[in-house]
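Between the sequences and the hints, there should be enough to build the whole structure, so can you do that?
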Amino acid sequence: MPMARSTVLIVTPEQTRSLEVDTRLLAWLRPLLMGLGASTVLLGVGLVGLGAQHLISRADSQQALNERRQEINALRQEVADLKNFTSAEINAKLAALKKSEQMIGDLQTYLQARGVNVKPVSIEPPKGQPNPAAGGPIMQAQVGKPVPYTGSFANDASNLLEALQSIPLGLPHEGGMTSAFGERANPFTGRGAESHGGLDFKGTTGDPVQVTAAGRVVFAGWQGGYGNLVEVAHAHGYNTLYAHLSRIEVEKGQQLTAGEVVGLLGSTGRSTGPHLHYEVQRRGERQNPEQFLALNDAADSNP
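Numbered by the working numbering, the letters in the sequence shown go through residues 1 to 303 in order.
If you are wondering where the hints come from, they were derived from the structure by calculation, not from laboratory data.
For each residue, glycine too, the CB sits at the ideal point set by N, CA and C.
A few of these clues could be false.
Stated by the list, open to error - Here are the simulated SDA-like cross-link-like pairs (lysine to any residue), alpha carbons at most 20 Å apart as the crow flies:
id, residue 1, residue 2
1, K252, Q223
2, K127, L161
3, K99, A163
4, K127, T272
5, K99, L111
6, K127, N186
7, K252, P208
8, K99, Q165
9, K252, F219
10, K252, R216
11, K252, G224
12, K127, F219
13, K127, R184
14, K252, Q210
15, K252, L264
16, K127, G190
17, K127, S195
Unchecked claim - Simulated restraints on C-beta separations:
id, residue 1, residue 2, range
18, F188, T109, 36 to 46 Å
19, R283, G224, 20 to 30 Å
20, Q70, Q108, 54 to 64 Å
21, E71, G35, 29 to 39 Å
Laid out in structure tokens, this is it:
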């Protein structure tokens with residue numbers, strides 16, 4: 001088959017040339033070039049799509065990164081706030097602990113000064129023998145019910161010391177106990193029986209006698225078998241009595257703090273020798289003062 005030829009003129013400023021081209025080759029190259037062009041277009045579209053997707057993905061990543069940064073900043077702030085809160089809480093706990101330690105120290109000092117949990121040595125004479133350091137007025141038998149020393153009086157630790165200071169605790173004098181509360185023999189003869197409304201403590205004339213709780217003096221003077229007597233009213237219906245004093249050191253109406261001297265030990269009134277007769281009463285009913293020489297956790301049924 002003869003080759004189909006076409007003449008193509010190529011004109012330039014310098015010269016004009018003619019070029020013979022096989023038209024069958026052009027017919028074969030045309031679809032190839034068209035396919036190549038289409039591929040180029042598709043490739044360009046694909047590249048554009050990839051670029052757009054990359055940009056979108058990058059934007060999404062940037063947004064996600066910003067969100068993560070915000071979350072991290074929020075967490076950092078929470079941690080900082082938590083540190084500050086924890087620090088404030090710890091400081092509050094330390095302050096409360098320090099206050100509690102101080103209160104416990106004050107309580108220990110107060111109770112030690114009052115002689116709480118220190119039971120006096122009993123030096124009562126044998127039965128049938130006179131008691132050289134006892135006395136007091138003759139009373140009808142009367143034994144008070146046990147009462148607590150704190151309990152309902154102090155429901156909060158913050159006012160415990162104040163409550164304790166207003167309740168008769170501990171010893172009014174450090175001498176040995178010569179006569180207990182309740183039934184006893186006549187101290188002058190050692191025979192018979194009589195009711196004793198308090199405790200007797202042996203001592204030397206002139207020894208200081210201390211009030212066992214904060215209160216107000218309601219009586220200071222001579223009273224029959226008590227001799228020189230000081231009576232002090234306290235909170236919660238308590239009264240304490242200090243009898244047979246050789247000298248009274250306070251006046252009626254005077255306010256006292258626990259441990260102050262109310263008078264000097266003696267042997268006035270119905271007495272067999274130098275001693276202190278000590279009574280604890282609650283709303284007029286005599287209580288056993290030995291109950292107040294140590295702390296317990298009994299419940300008070302009649303606050």
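Verification of the hints:
no.: 1; hint: K252 - Q223; in the structure: 14 Å, holds
no.: 2; hint: K127 - L161; in the structure: 41 Å, violated
no.: 3; hint: K99 - A163; in the structure: 17 Å, holds
no.: 4; hint: K127 - T272; in the structure: 16 Å, holds
no.: 5; hint: K99 - L111; in the structure: 18 Å, holds
no.: 6; hint: K127 - N186; in the structure: 10 Å, holds
no.: 7; hint: K252 - P208; in the structure: 19 Å, holds
no.: 8; hint: K99 - Q165; in the structure: 18 Å, holds
no.: 9; hint: K252 - F219; in the structure: 5 Å, holds
no.: 10; hint: K252 - R216; in the structure: 8 Å, holds
no.: 11; hint: K252 - G224; in the structure: 18 Å, holds
no.: 12; hint: K127 - F219; in the structure: 34 Å, violated
no.: 13; hint: K127 - R184; in the structure: 9 Å, holds
no.: 14; hint: K252 - Q210; in the structure: 16 Å, holds
no.: 15; hint: K252 - L264; in the structure: 16 Å, holds
no.: 16; hint: K127 - G190; in the structure: 6 Å, holds
no.: 17; hint: K127 - S195; in the structure: 15 Å, holds
no.: 18; hint: F188 - T109: 36 to 46 Å; in the structure: 41 Å, holds
no.: 19; hint: R283 - G224: 20 to 30 Å; in the structure: 22 Å, holds
no.: 20; hint: Q70 - Q108: 54 to 64 Å; in the structure: 56 Å, holds
no.: 21; hint: E71 - G35: 29 to 39 Å; in the structure: 52 Å, violated
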